Structures are given as C-alpha cells and as structure tokens.
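Peer 1: Listed below are the residues making up each chain.
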Amino acid sequence: MTEEGTMDLTQEIILQHGRLSPYKGKLENPTVKVKLENPLCGDSLRVDIRIVKDQVVDACFSGEGCLISQAAASLLVGEILRVKNLNKIKKFNEETVFKLLGISLTLSRTQCALLSLRALKKAFKIIP
Amino acid sequence: MNKDFPILKQKINGKNLVYLDSAATSLKPKQVIEAVADCCRSYLANVHRGIYQLSEKSTQEYESVRGKVAKLINASPDEVIFTKNTTEAINLVAKVWGEANITKGSKIILSVMEHHSNLVPWQELMRQQVTGNRQQRVVLDINDKGELDLSDLDNKLKGVSLVAITHVSNVLGTINPVKEITQKAHQVGALVLVDGAQAVPHMKVDVKKLGCDFYVFSGHKMLGPSGVGVLWVKKEIADKLPPFLTGGGMVSEVTLEKTSFAEAPHKFEAGTPNIEGVIGLGAAIDYLQKLGMDKVRQHEKALTEYALKKLSKIDGLTIYGPKEEEKRGGIIAFNLAGIHPHDVASLLDKDGIAVRAGFHCAMPVHQRLGINGSTRVSFYIYNSMEDIDKLVQSLEKIKRKLSFRVK
Ligand SMILES: Cc1ncc(COP(=O)(O)O)c(C=O)c1O
Numbered sequence: 001m002t003e004e005g006t007m008d009l010t011q012e013i014i015l016q017h018g019r020l021s022p023y024k025g026k027l028e029n030p031t032v033k034v035k036l037e038n039p040l041c042g043d044s045l046r047v048d049i050r051i052v053k054d055q056v057v058d059a060c061f062s063g064e065g066c067l068i069s070q071a072a073a074s075l076l077v078g079e080i081l082r083v084k085n086l087n088k089i090k091k092f093n094e095e096t097v098f099k100l101l102g103i104s105l106t107l108s109r110t111q112c113a114l115l116s117l118r119a120l121k122k123a124f125k126i127i128p
Numbered sequence: 001m002n003k004d005f006p007i008l009k010q011k012i013n014g015k016n017l018v019y020l021d022s023a024a025t026s027l028k029p030k031q032v033i034e035a036v037a038d039c040c041r042s043y044l045a046n047v048h049r050g051i052y053q054l055s056e057k058s059t060q061e062y063e064s065v066r067g068k069v070a071k072l073i074n075a076s077p078d079e080v081i082f083t084k085n086t087t088e089a090i091n092l093v094a095k096v097w098g099e100a101n102i103t104k105g106s107k108i109i110l111s112v113m114e115h116h117s118n119l120v121p122w123q124e125l126m127r128q129q130v131t132g133n134r135q136q137r138v139v140l141d142i143n144d145k146g147e148l149d150l151s152d153l154d155n156k157l158k159g160v161s162l163v164a165i166t167h168v169s170n171v172l173g174t175i176n177p178v179k180e181i182t183q184k185a186h187q188v189g190a191l192v193l194v195d196g197a198q199a200v201p202h203m204k205v206d207v208k209k210l211g212c213d214f215y216v217f218s219g220h221k222m223l224g225p226s227g228v229g230v231l232w233v234k235k236e237i238a239d240k241l242p243p244f245l246t247g248g249g250m251v252s253e254v255t256l257e258k259t260s261f262a263e264a265p266h267k268f269e270a271g272t273p274n275i276e277g278v279i280g281l282g283a284a285i286d287y288l289q290k291l292g293m294d295k296v297r298q299h300e301k302a303l304t305e306y307a308l309k310k311l312s313k314i315d316g317l318t319i320y321g322p323k324e325e326e327k328r329g330g331i332i333a334f335n336l337a338g339i340h341p342h343d344v345a346s347l348l349d350k351d352g353i354a355v356r357a358g359f360h361c362a363m364p365v366h367q368r369l370g371i372n373g374s375t376r377v378s379f380y381i382y383n384s385m386e387d388i389d390k391l392v393q394s395l396e397k398i399k400r401k402l403s404f405r406v407k
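Sequences listed follow chains A and B, in order. Going by my numbering, the residue at position 90 of the first sequence is 90; the numbering climbs one at a time, nothing skipped. Going by my numbering, the residue at position 94 of the second sequence is 94; the numbering climbs one at a time, nothing skipped.
Among the clues, some could well be false.
Just the calculated beta-carbon pair ranges, DEER-fashion [said to hold, decoys possible]:
{"hint": "1", "chain 1": "A", "residue 1": "Ser108", "chain 2": "B", "residue 2": "Lys290", "range": "34 to 40 angstroms"}
{"hint": "2", "chain 1": "B", "residue 1": "Asp144", "chain 2": "A", "residue 2": "Lys24", "range": "30 to 36 angstroms"}
{"hint": "3", "chain 1": "A", "residue 1": "Lys53", "chain 2": "B", "residue 2": "Asn13", "range": "31 to 37 angstroms"}
{"hint": "4", "chain 1": "A", "residue 1": "Gln11", "chain 2": "B", "residue 2": "Glu99", "range": "54 to 60 angstroms"}
If we take Cβ atoms under 7 angstroms as the criterion, some of the chain B residues that face chain A in the derived model are [to be verified]:
{"hint": "5", "residue": "Met1"}
{"hint": "6", "residue": "Thr318"}
{"hint": "7", "residue": "His342"}
{"hint": "8", "residue": "Ser346"}
{"hint": "9", "residue": "Gly358"}
{"hint": "10", "residue": "Gly373"}
{"hint": "11", "residue": "Asp387"}
{"hint": "12", "residue": "Lys401"}
When the alpha-carbon atoms are kept at most 27 angstroms apart in a straight line, the in silico DSS-like pairs for lysine-lysine are as follows [stated by the list, open to error]:
{"hint": "13", "chain 1": "B", "residue 1": "Lys235", "chain 2": "B", "residue 2": "Lys184"}
{"hint": "14", "chain 1": "B", "residue 1": "Lys235", "chain 2": "A", "residue 2": "Lys99"}
{"hint": "15", "chain 1": "B", "residue 1": "Lys313", "chain 2": "B", "residue 2": "Lys323"}
{"hint": "16", "chain 1": "A", "residue 1": "Lys91", "chain 2": "A", "residue 2": "Lys26"}
{"hint": "17", "chain 1": "B", "residue 1": "Lys313", "chain 2": "A", "residue 2": "Lys24"}
{"hint": "18", "chain 1": "B", "residue 1": "Lys184", "chain 2": "B", "residue 2": "Lys104"}
{"hint": "19", "chain 1": "A", "residue 1": "Lys53", "chain 2": "A", "residue 2": "Lys122"}
{"hint": "20", "chain 1": "B", "residue 1": "Lys350", "chain 2": "A", "residue 2": "Lys99"}
What the hints contain is simulated information worked out from the structure, not anything from laboratory work. Quick caveat, the model's predicted, so the values are computed rather than measured. Backbone N, C-alpha and C define an ideal beta-carbon position, used for all residues, glycine too.
Required output: the full structure, derived from the provided sequences and hints.
Peer 2: Structure (structure tokens):
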C-alpha cells in the first residue's frame, strides 16, 4: 500500500470545515430537521433546513463527530446554501460529497462522510 | 521472532507496519499458516466419520488439539468443546444451560465492562424467560480506578443463579479477581461463566484454580485461525446439559423416531467442525507453549508499563483503566482531548500504525466513563518498545497538526 491517493485529514479544507464550520448551529423554526446516527461510531448529526417556495433560505447542522463527518456536513450545508434550488439539491449524491471533500476516503470512513447526505435524503422524504 | 509473522513484512503507506490491534485479532505465525496448509494439502478428511487412513489421521490430529487446549488451561480433554468463537460459546451456554435454569425470578450478575458478547446473550435470555422483569439483572460497577467495585458483592449475590464476568476487560485492560468472585458465588450456589477472550492468549490460565464453571475464549486472538473458539464446561455440568445444535456427529443412535445423543463434548459439536481451523489452533498453542505463557505475560507487562509511562506524558491524553501494569493486560484505551478517536486512528494508519477506534464492542463501559468512544492499542508477543516509541511520536505529530485552534 502506498501513500499516493490516501486520505489526508490534515488538508486545510477539512480542518477548517471540520473544526470551525461557519454553518454549525440550529435554526429557530426550521421547515425540517433530521437527526441521524452513524452506525459505525454512534456519532449523531442533525441538519436543519428552512425552505420558502422551493428555495432553501437557511440551513445548518449540529452534533459532535469526527473530522470527516463534520467537514462533510459543513461542506454539504455550504453547497445547499449556494445552490438554493430544492429540485437541484434533491439531485445531490455521493459524488457531490466526495467532490466537495476532495480527498479520497478509506472504506470505513466513507460512512462518516455520507452521514450528512443521508440526513439530507431523509429530510426530503418529510418535507411537506 | 517477528520473522515468523509474514504480515509484518508489509509496508503500509511506505512505513513498516506497527500492529497494535491484537485484542481484536492476532497476527498468525508461519507455523500456524503452515499447519493449516499442510493439513489441507496432505491429510484433510472428515473427522469421526471415515475408517480410511486419512480420516483417522484427521481425527487423531483434531482430537489431539482438544488435548492441547485442555493442557493449556489445566482441564480434561472431554471438557473442551470447540465452537466458532467466544460469542458462540457464550450463546451456547445461554441456550443449553440458560433455558433450563433461568426461570422467573432468577438473577444474573454481569459487569459494566462486559463485551457485547457477554451481555447481549444474557439480555436476550432474560427477555425470553422472564418477560419485562428488569430487576433480574444485577450489574457490577467500576470504581474510579477502573476496577470492579466488589464492595457490595455479598449482598448482590443473594438469589443469583449465574455470574457472567470477563477475565480481562477489552477496554480498560483490568484483570478481574475471578477466583475470589467464584468462591463467593459458589457459596450462594451460583454458577460462574468467565469470558477469557482477552486472558488465555496473554497469561497462564488454570480453570481448576479459578474454580469457575464455564470458561470461554477465541482461537483467533491467540495466533490461531478465525472460526475456532473454545467452551470449557466442568464435566459434571456438561453431562447434565441437553445438546446445542442437533444433527450429524453428535449422536449415538438414530432411528426415524428418536435419537440418543453422544456424550460431551461431542453432543455440543454437531456437523462437520472447522477441522483445519482446529489444527491451526493446535499449532498456535504449540507456539505459545514453546515461548511459555509466563514469558508472554512478562513481555506484555513490560510493554504496558513502558506505554503507560510514555503515553501519560502526552499532554491532553487521558488513559482509562488501572494505572499499574500488574493490574492490567496489554490493552490501553485513551482519548486525545478535542480529537475524535476515528481521526486519531486514521492518522496513525498513515504512519503504518494499526489501532482500534470506537466502542470496541463495549458501549456500556464507554457510557459509564461518559465518553463517546476511545482509541485502543493492544500488545502481543511480536510488539516491541520501538513500536510504542513510534506510536508516541505519531500521536505527538497528530496533536501538533490538529490541536491548533482547539476550542
Ligand atoms: C472480552 C471479549 N469477549 C468476547 C469477545 C468476542 O470474541 P469473538 O468475536 O471471537 O467471538 C471479545 C473480542 O472481540 C472480547 O474482547
């Protein structure tokens, strides 16, 4: 096994978003909020979204977790806020998350990265 | 000795592998790999079945391992039952002994430091046998030092049918006084099951001296292949128990209407067993016996003492469990302030250091400690002081990289 292409948790983007996310918090009156647990470690993550007329107007996340789950959640929420359009956000998939993170992940850590996406998908199921 | 372990020749991320996860499973020496290969290559046939030479040779080899296991733990061969692993051994007891002996009003004592394997089968048994009555499970707590709190044991033992307790904790490393617990349990007529998964691979275990009634462990944690575990049951108890799984290999006479069962241990080993796995376990025991279990323990004790000293010097690092190496096996769980155990493990992996992170199949003890997981290192015969130096260096590096801006 070689170092090439292996996971690097100490990249600036992971550190910034994983530790000092600008999107961390809870919303006052979210349209939806979902909480999910990572089956691997039991860490939990909550995503809050406020939607007005098919547009996301605010979103954030909360919960404690590893760098990867926190960074992925932060980057995903950032992307949601950038895209805004609900129909486009519904198309987010695993690739979206991997691209945002920009580092390759080992098998076991993929779960951590996808926790926020799973929360988002669950949110879409309950959006009125 | 490390030349006996082919996996250690590997480079991980360009670095020599430092394997610190033997509590999960151990590496295998070439003597074990060869024994399994040789069995498959030159004589493997089904056991207790054929009357041709190969089958007899297989049967002999297979049964001779039963003898080796018995010798290792000072038992008699017909008390040694081969299972898949520790987990299956405990489930076997929960089923064949539990279903006959745990009834409404029965009490079981467990401890907060049990592995899920020595907790869930009892929860399930209690759920089936005594619906909804939570009072039936008594849990031994730990004190601030990570040792079992036995202060109220006499009281807690009243009316208890079974004590199920780990010999060595797979998180805290604590070596529990199972002999003393057994003596007290027997005074009130309770039986004792000891989970030896983290003990037998690492120290001399004598089931007669311990005095317990059931003792279980896994071959894969003691240099052997996966898929073989051991259940030791005291003879007079085994004789009275009904069989576990039924079918071939565990019977003496079968008609279409009814069946008489073979004696222990065969009545608990239905179907074709993991023959080559058992042969491999035999080679593993030979390897350990040649080293001597006292030497194994000494080596790990020295490593643990050194690691405890070195790790405790790292600022922001919390070690769980007893502070003295005499009181613990070669297992150290810890946390680095502000850094998630999974990130610690991923970053150590980059330096070729393999450790476990998370709950190590023991969530209750983490809840008890008020932590959401830990990083765990565990040692075995192939580890050295140098491995610990590398671990400490890598942890210092991780801290430097990640500890800036800690909230
Ligand atoms: C104390 C203890 N009990 C039980 C087990 C379960 O062993 P196995 O997975 O081999 O059944 C383990 C190992 O993971 C352990 O450390």
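Peer 1: So, for every hint listed, does it hold in this structure?
Peer 2: Going down the list of hints, with the structure as the test:
Taken as a hint, the range 34 to 40 angstroms holds for the pair serine 108(A) and lysine 290(B), whose Cβ atoms sit roughly 36 angstroms apart. A hinted range of 30 to 36 angstroms for the beta carbons of aspartate 144(B) and lysine 24(A) is consistent with their spacing of about 34 angstroms. For the hinted restraint 31 to 37 angstroms between lysine 53(A) and asparagine 13(B), the CB-CB distance of approximately 50 angstroms leaves it violated. About 55 angstroms separates the C-beta atoms of glutamine 11(A) and glutamate 99(B), a value consistent with the hinted range of 54 to 60 angstroms.
With its C-beta approaching chain A no nearer than about 24 angstroms, methionine 1(B) sits outside the 7 angstroms limit, and its interface hint is violated. At about 17 angstroms, the closest approach between the beta carbon of threonine 318(B) and any beta carbon in chain A exceeds 7 angstroms, and the interface hint on this residue is violated. Look at histidine 342(B): its Cβ gets to within about 4 angstroms of chain A, closer than 7 angstroms, so that hint holds up. Taken as an interface hint, serine 346(B) checks out: its beta carbon lies about 6 angstroms from the nearest beta carbon of chain A, inside 7 angstroms.
The beta carbon of glycine 358(B) is positioned within 7 angstroms of a beta carbon in chain A (closest approach about 5 angstroms), and the interface hint is therefore held. The restraint placing glycine 373(B) at the interface with chain A holds, with a minimum CB-CB distance near 6 angstroms, inside the 7 angstroms limit. Nearest Cβ of chain A to the Cβ of aspartate 387(B): about 18 angstroms, over the 7 angstroms cut. The hint is violated. Given hint, lysine 401(B) at the interface with chain A, holds; its Cβ is 5 angstroms from that chain's nearest Cβ, closer than 7 angstroms.
The hinted pair formed by lysine 235(B) and lysine 184(B) meets the criterion: a straight-line CA distance of about 21 angstroms does not exceed 27 angstroms. Taking the CA atoms of lysine 235(B) and lysine 99(A), the gap is near 62 angstroms; set against the 27 angstroms cutoff, the hint is violated. The suggested pairing of lysine 313(B) with lysine 323(B) holds, with an alpha-carbon distance near 13 angstroms, which does not exceed 27 angstroms. This hinted pair checks out: lysine 91(A) and lysine 26(A) have alpha carbons roughly 24 angstroms apart, not beyond 27 angstroms.
Proximity of lysine 313(B) to lysine 24(A) is assessed by CA-CA distance (about 34 angstroms); at most 27 angstroms being required, the pair is judged violated. For the hint pairing lysine 184(B) with lysine 104(B), the CA-to-CA distance comes to about 23 angstroms; that is within 27 angstroms, so the pair holds. Between lysine 53(A) and lysine 122(A) the CA atoms are separated by roughly 19 angstroms; this keeps the pair inside 27 angstroms, and the hint holds. Taken as a hint, the lysine 350(B) and lysine 99(A) pair is honoured in the structure, with Cα atoms around 22 angstroms apart against an allowance of 27 angstroms.
In this structure, the earlier hints numbered 3, 5, 6, 11, 14 and 17 are contradicted, and the remaining ones agree with it.
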